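Chemist: The chain contents come next:
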Amino acid sequence: MKVGLFIPCYINQLYPQVGIASLELLEKLGVDVEYPLGQTCCGQPLGNSGYEEDSKGTCQLFVENFKNYDYIVGPSGSCVYHVKKHFDILEQTEDVKRVRDNTYELCQFIYQVLGKTDLGASFPHKVGIHKSCHGLRGLRLGSCSERMDPHFSTEENLLKEVKGLELKTLNRADECCGFGGTFSVFEEAISVKMGKDRIQDHIDSDVEVITGADHSCLMHLEGLINRNKQPLKVMHIAEILNSSI
Amino acid sequence: MAHAEAAAKFNENEAKVNWHDKALWFVRQKRDKQAHKIQGWEQLRDYASALKANVLSNLDNYLVQFEENAKKNGVTVHWAANAEEHNKIIHSILQKHNAKKIVKSKSMLTEECHLNPFLEANDIEVIDTDLGERIVQLAKEPPSHIVLPAIHKTKEEVDELFQEHLGTKPSGGNPEYLTREARKHLRNKFLQADAAITGVNFAVADTGGFVVCTNEGNADMGAHLAKVHIACMGMEKLIPQEKHLGIFLRLLARSATGQPITTYSSYFNKPEEGKEMHIIIVDNGRTEQLSREDFRRSLHCIRCGACMNTCPIYRRSGGHSYDATIPGPIGSILSPGKDLTKHSSLPFASTLCGSCSDVCPVKINIHEQLYKWRQIIVKDVPQPTVKKNIMKAAGSILAKPKTYDFVGKSTRFMLKHTPKSLINSKINTWGHARDLPEVKGDNFEEWYKKRQKNE
Numbered sequence: 001m002k003v004g005l006f007i008p009c010y011i012n013q014l015y016p017q018v019g020i021a022s023l024e025l026l027e028k029l030g031v032d033v034e035y036p037l038g039q040t041c042c043g044q045p046l047g048n049s050g051y052e053e054d055s056k057g058t059c060q061l062f063v064e065n066f067k068n069y070d071y072i073v074g075p076s077g078s079c080v081y082h083v084k085k086h087f088d089i090l091e092q093t094e095d096v097k098r099v100r101d102n103t104y105e106l107c108q109f110i111y112q113v114l115g116k117t118d119l120g121a122s123f124p125h126k127v128g129i130h131k132s133c134h135g136l137r138g139l140r141l142g143s144c145s146e147r148m149d150p151h152f153s154t155e156e157n158l159l160k161e162v163k164g165l166e167l168k169t170l171n172r173a174d175e176c177c178g179f180g181g182t183f184s185v186f187e188e189a190i191s192v193k194m195g196k197d198r199i200q201d202h203i204d205s206d207v208e209v210i211t212g213a214d215h216s217c218l219m220h221l222e223g224l225i226n227r228n229k230q231p232l233k234v235m236h237i238a239e240i241l242n243s244s245i
Numbered sequence: 001m002a003h004a005e006a007a008a009k010f011n012e013n014e015a016k017v018n019w020h021d022k023a024l025w026f027v028r029q030k031r032d033k034q035a036h037k038i039q040g041w042e043q044l045r046d047y048a049s050a051l052k053a054n055v056l057s058n059l060d061n062y063l064v065q066f067e068e069n070a071k072k073n074g075v076t077v078h079w080a081a082n083a084e085e086h087n088k089i090i091h092s093i094l095q096k097h098n099a100k101k102i103v104k105s106k107s108m109l110t111e112e113c114h115l116n117p118f119l120e121a122n123d124i125e126v127i128d129t130d131l132g133e134r135i136v137q138l139a140k141e142p143p144s145h146i147v148l149p150a151i152h153k154t155k156e157e158v159d160e161l162f163q164e165h166l167g168t169k170p171s172g173g174n175p176e177y178l179t180r181e182a183r184k185h186l187r188n189k190f191l192q193a194d195a196a197i198t199g200v201n202f203a204v205a206d207t208g209g210f211v212v213c214t215n216e217g218n219a220d221m222g223a224h225l226a227k228v229h230i231a232c233m234g235m236e237k238l239i240p241q242e243k244h245l246g247i248f249l250r251l252l253a254r255s256a257t258g259q260p261i262t263t264y265s266s267y268f269n270k271p272e273e274g275k276e277m278h279i280i281i282v283d284n285g286r287t288e289q290l291s292r293e294d295f296r297r298s299l300h301c302i303r304c305g306a307c308m309n310t311c312p313i314y315r316r317s318g319g320h321s322y323d324a325t326i327p328g329p330i331g332s333i334l335s336p337g338k339d340l341t342k343h344s345s346l347p348f349a350s351t352l353c354g355s356c357s358d359v360c361p362v363k364i365n366i367h368e369q370l371y372k373w374r375q376i377i378v379k380d381v382p383q384p385t386v387k388k389n390i391m392k393a394a395g396s397i398l399a400k401p402k403t404y405d406f407v408g409k410s411t412r413f414m415l416k417h418t419p420k421s422l423i424n425s426k427i428n429t430w431g432h433a434r435d436l437p438e439v440k441g442d443n444f445e446e447w448y449k450k451r452q453k454n455e
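Residue numbers (full-length UniProt numbering), protein chains in the order written: chain A, 1 to 245; chain B, 1 to 455.
Don't take every hint at face value.
[Claimed, not checked] Restricting the straight-line Cα-Cα distance to at most 20 Å, the calculated cross-link-like pairs of lysine to aspartate or glutamate (EDC-like) are: (1) B:K402 x B:E446; (2) B:K16 x A:D197; (3) B:K363 x A:D149; (4) B:K96 x B:E276; (5) A:K196 x B:E12; (6) B:K450 x B:D405; (7) B:K450 x A:E34; (8) A:K233 x B:D435; (9) B:K22 x B:E157; (10) A:K229 x A:D201; (11) B:K379 x A:D88; (12) A:K84 x B:D294; (13) B:K372 x A:D70; (14) B:K227 x B:D194; (15) B:K449 x A:D32; (16) B:K37 x A:D149; (17) A:K2 x A:D70; (18) B:K453 x A:D88; (19) B:K453 x A:E34; (20) B:K184 x B:E164.
[To be verified] Footprint (simulated), chain A over chain B, 3 or more residues, beta carbon under 8 Å: (21) 11-23; (22) 36-49; (23) 164-176; (24) 347-356; (25) 399-411.
[Said to hold, decoys possible] A short, non-exhaustive set of chain B residues, derived as facing chain A with CB atoms under 10 Å: (26) R316; (27) S321; (28) Y371; (29) N428; (30) E445.
These are computed hints drawn from the structure, not numbers from a lab. The model shown is predicted, which means the values in this text are computed figures rather than measured ones. In this text, a Cβ means the ideal position worked out from N, Cα and C, and glycines have one as well.
Based on the provided sequences and hints, a complete structural model is requested.
Modeler: Structure, rendered in structure tokens:
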């Protein structure tokens with residue numbers, strides 16, 4: 001099984017530590033993984049802004065980069081969702097279909113494909129999960145509060161096995177943080193308010209570290225936390241699962 | 001005004017935003033509790049969605065069947081192609097009966113057709129009898145929510161409004177007192193009314209009857225007291241058979257307000273002796289929406305408002321920020337079909353979080369339709385040149401790894417070496433309230449290449 005590591009553009013440029021943790025974690029789990037060079041983006045910022053027509057070259061490049069891997073794994077639910085959901089704008093060649101079918105969010109890959117939950121991590125902190133919308137309601141990484149399905153959460157299943165980690169329950173289990181890509185800029189007032197409210201929920205729930213499977217949401221929350229000097233740390237779930245404090 | 005601008009204005013009063021958000025979140029939680037209580041909620045949604053899909057693909061037949069059966073029951077059926085025709089038909093019925101005083105129970109369709117100003121211009125008094133609707137009518141505002149029209153008003157604001165219009169005493173916003181006074185005021189209006197107008201929640205094709213749901217009984221009070229009852233329905237309100245009400249009535253009130261059922265779910269089949277009953281079936285853009293394959297499912301809507309209560313943006317921007325008859329997520333996929341340019345900011349008033357689609361009792365894929373409207377809007381409605389150019393440039397940069405690498409490095413260099421005061425200046429909208437990520441050493445690709453070299 002050959003895995004291609006998909007590191008989304010903003011993680012590559014701004015959060016290399018998340019890419020490093022993802023790679024190390026997969027290697028630790030015995031996965032034959034490599035990072036194909038020359039990756040750019042999945043095209044999501046364009047598609048969500050209405051310019052999916054202009055993103056076709058970007059999407060095609062993604063397929064070229066990853067078409068020879070059995071699985072494509074990335075630490076960002078929304079980017080993975082974009083590949084699976086919105087690459088319908090490309091001609092559906094065998095390569096395109098295979099790439100769409102075999103692209104997984106990191107936690108989803110570990111839990112569903114590798115079938116593992118105990119990754120040998122330890123992280124003695126109080127943690128709150130931010131369940132990013134595209135992972136939750138797009139990839140169905142867990143049950144959402146709107147639907148009357150039995151409770152389930154991929155991220156919780158993995159974090160519960162982390163030694164010393166105390167998982168906190170939020171008042172609003174899966175409300176959006178207000179990032180939303182270009183929404184964060186074009187609807188700045190609401191975006192900021194939504195982020196502030198999410199952070200307050202974590203603070204009220206005695207959380208020390210906010211984590212999640214989508215670092216774009218976390219970037220937005222971290223921006224607010226740092227600006228307002230709030231007593232919270234933000235870490236991608238790969239960093240927690242890869243830690244051995 | 002674009003949604004973002006109106007939303008920013010609403011957010012100037014953060015305490016009010018918090019209050020609005022909590023009031024609607026409370027309704028969403030009530031809905032969750034009720035939905036959890038019955039087995040097979042998701043199955044009910046499947047049935048309801050399938051039934052609506054069936055109705056929309058056989059709408060012509062169901063409409064004819066409904067008309068035939070309603071006529072057999074002694075009901076007069078009218079067809080209106082648009083809002084203007086709808087208003088004229090109502091006016092002609094009222095003229096025939098020399099009706100000057102009208103009571104109206106809640107009907108989003110009559111809001112859509114702007115019936116009230118039309119009737120008032122023709123010297124006809126029209127009183128909205130739903131308490132929330134009466135409040136916004138007195139305030140000369142449109143409803144801000146389709147089920148809770150005055151949800152944007154605090155009880156203190158209602159107190160002042162009633163003092164001014166109904167002559168009540170200051171009560172500090174005492175809900176019991178204010179409701180009692182509203183009842184007295186409305187009771188007189190009911191007793192004096194020459195005709196009653198209601199909406200239609202469900203029209204049953206195989207019986208020709210229709211169902212109106214209210215919590216205040218105001219539709220019944222109006223329809224039973226007045227000599228003439230006019231029911232206005234959008235043509236998508238049909239369901240095939242009466243037994244299907246068992247599905248829709250279970251979903252409607254639970255989704256809308258978290259009640260097991262509306263206090264009054266009244267079946268109207270035929271006029272009382274000596275009275276008249278009219279049904280007006282209205283198109284007003286629905287056929288056009290039906291013809292748009294990607295947006296057809298928006299016509300499943302049963303107007304429960306659950307997507308508004310769950311929407312994190314609606315809760316924090318208020319219904320008026322949408323400047324549309326139907327606000328919130330469902331309005332944002334219906335309104336562009338009516339006037340793309342006027343409503344072009346609405347599909348962007350969303351993070352595409354998908355909560356609306358999962359809460360929807362008839363399974364409208366609202367967030368997917370928002371995405372699709374966005375693709376149409378940037379093509380058909382002129383976009384700010386800067387935005388357009390940035391997107392076009394991004395498209396070509398991201399398709400070429402070498403250019404991307406160069407741009408990525410330059411951006412990181414800039415972020416690393418530009419003073420914070422400049423980065424967070426006015427032109428950077430992100431930086432008004434949020435810090436930008438701190439850029440440290442290599443990016444991931446550089447790190448990976450170095451690691452490979454050292455292996």
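Chemist: Please verify whether K450 of chain B and E34 of chain A have alpha carbons no more than 20 Å apart.
Modeler: holds, 14 Å
Chemist: Tell me if chain A covers the stretch 36-49 of chain B under the three-residue, 8 Å CB rule, please?
Modeler: holds (count 3)
Chemist: Please work out if K22 of chain B and E157 of chain B have their alpha carbons no farther apart than 20 Å.
Modeler: Distance ~18 Å between K22 of chain B and E157 of chain B Cα, so the pair holds.
Chemist: Holds or violated: K379 of chain B and D88 of chain A, Cα atoms, limit 20 Å.
Modeler: holds, 19 Å
Chemist: Is K2 of chain A close enough to D70 of chain A, meaning Cα to Cα at most 20 Å?
Modeler: Given that 20 Å is the threshold and the Cα spacing comes to 5 Å, the pair holds.
Chemist: Taking 20 Å as the top limit, are the C-alpha atoms of K227 of chain B and D194 of chain B close enough?
Modeler: Distance of about 6 Å is within 20 Å: holds.
Chemist: Does E446 of chain B lie within 20 Å of K402 of chain B when you go C-alpha to C-alpha?
Modeler: holds, 13 Å
Chemist: Taking 20 Å as the top limit, are the C-alpha atoms of K229 of chain A and D201 of chain A close enough?
Modeler: Given that 20 Å is the threshold and the Cα spacing comes to 16 Å, the pair holds.
Chemist: Compare the distance between the alpha carbons of K453 of chain B and D88 of chain A with 20 Å, and conclude whether the hinted pair is satisfied.
Modeler: violated, 38 Å
Chemist: Any CB of chain A closer than 10 Å to the CB of N428 of chain B?
Modeler: holds, 9 Å
Chemist: Report holds or violated for the interface hint on E445 of chain B, using the least CB-CB distance to chain A and a cut-off of 10 Å.
Modeler: holds, 6 Å
Chemist: Would the pair K449 of chain B and D32 of chain A pass a check requiring their Cα atoms to be no farther apart than 20 Å?
Modeler: Satisfied, since the Cα-Cα distance of roughly 17 Å is no more than 20 Å.
Checked against the numbered hints above, the structure breaks hints 13, 18, 23 and satisfies the rest.
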